[in-house]
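J.: The primary structure of each chain is shown beneath.
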Amino acid sequence: MKKYVVPPLGGFSPTGFRLKAVRHALVCVFLLVGSSQAEFRFPMPEFVTGYTHPAVHTPAPSNAMVGWDIVVLVSTLTLAAIFVLKRRKRREIFLLTLFSMIYFGFWRNGCVCSVGSVQNIAAGICDSSYGVPFTVLVFFALPLVFALLFGRVFCAAVCPLGAIQEAVAVKPVKVPPAVEKVLSVFPYIYLGLAILSVAMGAGFIICQYDPFVGVFRMGASFSMLIFGGIMLVLGIFVARPYCRFLCPYGVLLNWASKLSLHHATITPTDCIQCTLCEDSCPYNAINEPTPAEAPESRGKGASRLGILILLVPVMVVFGVGVGSLLKEPLARMHPTVRLAERMAGEDLGRYSETNIESEAFRASDTPNEELYAEAVQLKAGFGRGGKWLGAFIGLVIGCKLIAVSILRKRTDYEPDRGTCFSCGRCYKYCPVKE
Amino acid sequence: MKPERKKDRRDFVRGAAAVLIGGAVMSAARSRSPRLVWQLDPEKCTQCGRCATHCVLAPSAVKCFHSYSICGYCDLCGGYLRPDAKSRDTGAENQLCPTAAITRTFIESPYYQYTIDEDLCIGCGICVKGCDVFGNGSMYMQVKHDLCVNCNECAIARSCPSDAFKRVPASDPYILKSDRERRIS
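Residue numbers (numbering that gives the first Met the number 0), protein chains in the order written: chain A, 0 to 433; chain B, 0 to 184.
Simulated from the structure, these hints should not be mistaken for lab results. A portion of the hints provided could be inaccurate.
Said to hold, decoys possible - Examples of chain A residues lying across from chain B (beta carbon under 8 Å, computed):
id: 1; residue: H52
id: 2; residue: A177
id: 3; residue: V178
id: 4; residue: A219
id: 5; residue: F221
id: 6; residue: L260
Since this is a predicted model, take the numbers as computed values, not measurements. For every residue, glycine included, the Cβ atom is placed at its ideal position computed from N, Cα and C.
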């Protein structure tokens, strides 16, 4: 590596402007004939007029807003819980949602956000040299704690990504429940991929494919804006497509909310089974009462459940198999693996020209073998990680199959604790008043 | 099963979940490294120009940085003048910088000072390349932390072909080529 050493001033005796000019010109000539052995091509001048180097501008990173972010997060979460559980007014929840969109989204540029904080936490656990900032810890933990206590009030009115989708959802249509169930596997895949990517040092993919950060910042890469635009247009008809079918943090919130101490209810008191709320939820998050007569005989249901429980290990093994097959494409998430494959391809003559990455690598004088060894090691890591990812997704699909197969006894219309965003749309459909 | 027992189980699982969240947070927080910010290593930078185009900010938070103490103060500046410049003066047609962000000031014969106007600089690195090829390399790229929003995942770091971006402690957020620089913040 080149080392920059500053030669001591006064290495040349000042005998006048003219001589200095000649010397300077001579150095230029030496350079042109190719004798630049020195650390620097040109000597640092010695000024006779008393000139001193101007100071350079090295502004410190700003830290001003961080405390405020935590204050705003705590207060919006508290307000959201009050609005959802006590005040039960859709309009108030929606106004808080708009505030969060403006503050966390447009004002704070969508960073730091709880959705992305999953990756920082994963990085903090996997990589001991990476310290998770205190704000990020709070942004990760607090919405989950609130979900354990009050359901997904974070999704309802605090998350800026949810807020912008809530704001555009003007004409939501009902997604068929079967489609909803199938698509709800994607957040688990996304979460698994994101954690794998962080664990292998391949970057934060949730941030990379964040659809709305470009909207909040009024500018992003083309692909980011296209993805965000598709999500927003889709969001007019399919409410909150990102939250329901992609959001990896939603998986954790879903789990926490299933255990929630208090959760939003459709009716303030007792359900009178008027069925008015049935179509009010654009998220398929209202569970209907179980029909009076059982849809199938007990024995048939029990044997199906038995088969499904036996299927779980099969799904996990199948997932491991698929995961190990996906080793190569998964490994390509890592820039070093991509570079190694590019270099090998170029050396084998598979590409007609070099690209910017391979040129930069050649200029760095690192031996190819080093790069290849690193890539092989990374690929092995992705092989192991891919199996874990496959096993996780197999387990998720197996558990989801069991969950749809079990008939839970319900006498009233209730929000599904896991998938309900506590948006409050159903409140005004309920004719029962306190 | 009695509803009472069901409630107990629920409380237990909720408690377990709270412990799990706490555990995740604690294990993530166990390494108390200082706050980190993004910076680029000028030794690795290849002046590809992606800093100008890949930052989430427009114009980019990466700007040209000038270390005066290692500058040769040349009249024929590779960072200021186009290689095919007709004359060595401040004429717009002679300037390399696409936004005329470099000001050339006469100090004393034959030395000229080159100052970067950060408001005009777009971080394209054209001058950096010029200074690197035909000069002391006193011009180089740095992330300016009054502008950088410190994204969780730096968009430039992801697209940097030479892996020059890294996280550095916020207390020492610049990688300068010369330590002798007088700094103002």
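J.: Compare the structure with each hint and give your call.
T.: Tested hints:
1. H52: Status holds, d = 4 Å.
2. A177: 28 Å, violated
3. V178: 29 Å, violated
4. A219: A219/A check passes; min Cβ-Cβ to chain B is 6 Å, inside 8 Å.
5. F221: The hint is violated - F221/A has no Cβ within 8 Å of chain B, the shortest such distance being about 11 Å.
6. L260: 7 Å, holds
In terms of the numbered hints stated before, the structure departs from hints 2, 3 and 5, listed from lowest to highest.
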